[in-house]
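We have chain A; now place chain B onto it with these hints.
Read top to bottom, the protein sequences are chains A and B. Residue numbering for the first sequence follows the numbering used here, beginning at 71 and increasing consecutively. Residue numbering for the second sequence follows the numbering used here, beginning at 71 and increasing consecutively.
According to the in silico footprint, chain A covers these stretches of chain B (three or more CB under 8 angstroms from chain A):
hint, segment
1, 95-101
2, 107-118
3, 128-136
Keep in mind that the hints were calculated from the coordinates and are not lab data. On a predicted model such as this, the values are computed, not experimentally measured, just so you know. Ideal Cβ placement from N, Cα and C applies to all residues, glycine included.
Protein chains: 2
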Amino acid sequence: MVRVVVDVMPKPEILDPQGKAVAGALARLGVEGVASVRQGKRFEIEVEVAEGASVDERTAEVERMAATLLANPVIEDYRVSVLADAAGRTHGTDGTDGTDA
Amino acid sequence: MVRVVVDVMPKPEILDPQGKAVAGALARLGVEGVASVRQGKRFEIEVEVAEGASVDERTAEVERMAATLLANPVIEDYRVSVLADAAGRTHGTDGTDGTDA
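This is chain A alone, in the form it adopts within the complex (with noise of 0.2 angstroms):
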């Protein structure tokens, strides 16, 4: 078994009216020297490794339901890591176009 995490924020270009809302909380709290907020999802799925298959395989596919499940490509940008595995390795894709800034 094997955790990877997958990260979806708002494309930075993206209006994102959440972020302002709690930004906006904030200031009304005091808080002072925030610049901005941007809030998104964090999905940790546990997917099994079955034998014969690698990790990076399995973190594959989980990219792929990043791309088509759980960020909407258009809006927003993923990032998939993996918690480390059984032998402590972490792996990384990025999902983002280049545009994160």
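Showing chain B alone in chain A's frame:
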């Protein structure tokens, strides 16, 4: 300016209907070997670091924001980490109470 990330996830013992819905959708799409899916929120907060203030002080402030506004400590765990600040250092504090599986 430093970008601090706050990841907020439902506590392991709490029912996660959103995660279950995603797991069901993956199964219907024919994706196999997904044991579980948990869905949470990810905040990316840009905070100014005034002259004489330290990144750690600002991170501690974001930690307080996380505990009071961004997460509901009764049903959620949170994790605060700094995306590499200007000096390339990363920091991290962990708002879990040790029950994270």
